[in-house]
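Chains as they are written, first to last, in the UniProt record's numbering: chain A, 1 to 347; chain W, 1 to 63.
Hint data in this document are derived by calculation from the structure and do not stem from the laboratory.
There may be inaccurate statements among the hints.
[Said to hold, decoys possible] Some chain W residues well away from chain A (every beta-carbon gap over 12 Å; in silico):
1) Glu8
2) Leu22
3) Lys38
4) Val51
5) Leu52
6) Val59
[Claimed, not checked] Quick list of the computed label-pair ranges, beta carbon to beta carbon:
7) Val39/W <-> Ala340/A: 27 to 33 Å
8) Ile9/W <-> Leu137/A: 53 to 59 Å
9) Ala315/A <-> Val37/W: 49 to 55 Å
10) Gly251/A <-> Asn17/W: 28 to 34 Å
11) Ala138/A <-> Val25/W: 32 to 38 Å
12) Val39/W <-> Ala315/A: 17 to 23 Å
13) Glu8/W <-> Arg303/A: 35 to 41 Å
14) Val25/W <-> Val82/A: 28 to 34 Å
15) His10/W <-> Leu292/A: 55 to 61 Å
16) Leu137/A <-> Val37/W: 30 to 36 Å
17) Pro281/A <-> His10/W: 56 to 62 Å
18) Met300/A <-> Val25/W: 29 to 35 Å
19) Met176/A <-> Gln58/W: 42 to 48 Å
Remember, it's a predicted structure, so these values are computed and weren't measured experimentally.
Backbone N, C-alpha and C fix where the C-beta goes; we use that ideal spot for every residue, glycine too.
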Amino acid sequence: MCKPGAPSGAPGIFAGTRPASPSLTRSGMPDPMERWNDGMTDISAYQGEPEAEFGDYVALLKPRVMSLVVFTALVGLLVAPVPVHPVIAFVSVLFIAVGGGASGALNMWWDADIDAVMKRTARRPIPSGRVRPDEALAVGLALSGFAVVMLGLAGGMLAGALLAFTIFFYAVVYTMWLKRSTPQNIVIGGAAGAFPPMIGWAVATGGISTESVLMFALIFFWTPPHFWALALFMKSDYRDAGVPMLTVTHGRRVTRAHILAYTVLLAPLAIWLGLTQIGGPLYLSVAVVMNLWFLRGAYMIWRREEAAAEADGYAAEKAFFKFSLLYLFLHFGALLGDAALRAAEVI
Amino acid sequence: MAIRAEHEIHTRRFSRNLGLGLVLVAFVGVVFALTVVKVQQLGAVQGFDHVLRPEMIQVESAK
């Protein structure tokens, strides 16, 4: 734990706790510890690398992203027409979340150089020096293995395989390959975030169906408008990091058009999901209202000129971004609500 | 005399050790609970254990 070059045998952390002046021990012999104190004038004697505490490893797993993964996976599992034993449901969602977290750790390991540049991410465990990159890699790989094997045992081989593919897709295809090479990176990355409800559905039914593909599509087409709205008002960060964000490579006019285009594609898919067996009156009414509102927001963003946006501090873009969070939460919440109504035999 | 110096680094190490300990205990609990449920879902299980059990011998359907 001592810095290289420090005398071995006496951890530096103890040096500062000793009194500064006496150099002889009670027996009159020179104090062997004294020489470690040479040159030390204060109590900040610990010179080793900063050590992580448990919370730093938890931060590696991106807990906020994990909460979205837990929520959508749980909905995918609960709305499926096949009942799942509560213990199996709990263990499955737990390891879907751990798998998602593991891919987050792998992402932080690979992207530590970009994270250090961007204001939003500079305080993450690796760029701030609390966790070493090789530790993050080890945590990511080990937890990926645990999560895939445990999900395979608890929720079936298809669910385990889908989780393995999700981790591979997010860590390798998105993080290592496409994030730094194409401005469509957000679209590709969205696919990784869209898998959890499909995995939850696979735990319950053991298969893939129209409903689970539509839940995938809902998150997949929601992601680009959500993140590009963020990119419109967080412009400088991505530029500094050299990540080819659409706002940087093709300009903000094109980004506004893309937000509208993906929102237009999203709306019919969201409605379609309501017409399947997992939809119901609650979901359909939520979907109609939310999509009309979302389309209106995207249309306003598309119509705005950059000068107008800058003048009001990107108010419309920020409102759209906040609304997009509510959009996804209410869609999946309504699916859950309709499932509860069906279980109570109200509908 | 015991060294009593309590440095901030010790707190951090303790938090790591405690956290990992709790995670491992929780993992044991999860695997145990999962095993119980999975075995219960198998239904009645019996095998030959040195005693002939006529009900387990499959009867060939009459031709």
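Hint check results:
1. The Cβ of Glu8/W sits about 8 Å from the closest Cβ of chain A, inside the 12 Å cut-off, so the non-interface label is violated.
2. A beta-carbon of chain A is positioned within 12 Å of the beta-carbon of Leu22/W; the least distance is around 9 Å.
3. With 12 Å as the threshold on Cβ separation, the claim that Lys38/W sits away from chain A is violated: the shortest Cβ distance comes to roughly 8 Å.
4. In this structure Val51/W is separated from chain A by more than 12 Å, as the shortest Cβ-Cβ distance comes to about 32 Å.
5. With a cut of 12 Å on Cβ distances, Leu52/W stays outside the contact zone with chain A, its closest approach being about 34 Å.
6. For Val59/W, the non-interface assignment is confirmed: its Cβ lies about 32 Å from the closest Cβ of chain A, beyond the 12 Å cut-off.
7. In this structure the supplied range 27 to 33 Å holds for Val39/W paired with Ala340/A, their Cβ-Cβ distance being about 30 Å.
8. Our hint of 53 to 59 Å for Ile9/W and Leu137/A is violated, since their Cβ atoms are close to 24 Å apart.
9. For the pair Ala315/A and Val37/W, the supplied restraint of 49 to 55 Å holds, since their beta-carbon distance comes to about 51 Å.
10. Taking 28 to 34 Å as the suggested C-beta distance range, the pair Gly251/A and Asn17/W does not conform, at roughly 52 Å.
11. With their beta carbons about 21 Å apart, Ala138/A and Val25/W fall outside the hinted range of 32 to 38 Å.
12. Between Val39/W and Ala315/A the CB atoms are about 58 Å apart, so this pair departs from the stated range of 17 to 23 Å.
13. The hinted range of 35 to 41 Å is not satisfied by Glu8/W and Arg303/A, whose Cβ atoms lie roughly 55 Å apart.
14. The hinted window of 28 to 34 Å between Val25/W and Val82/A holds, with their beta carbons roughly 32 Å apart.
15. The beta-carbon spacing between His10/W and Leu292/A, approximately 58 Å, falls within the hinted interval of 55 to 61 Å.
16. With their beta carbons about 34 Å apart, Leu137/A and Val37/W fall inside the hinted range of 30 to 36 Å.
17. Between Pro281/A and His10/W the Cβ separation comes to about 59 Å, which falls inside the hinted range of 56 to 62 Å.
18. Hint check: Met300/A to Val25/W, Cβ distance near 53 Å, so the stated range 29 to 35 Å is violated.
19. Under the hint 42 to 48 Å, the C-beta atoms of Met176/A and Gln58/W, about 54 Å apart, miss the expected range.
Of the numbered hints listed earlier, those contradicted by the structure are 1, 2, 3, 8, 10, 11, 12, 13, 18 and 19.
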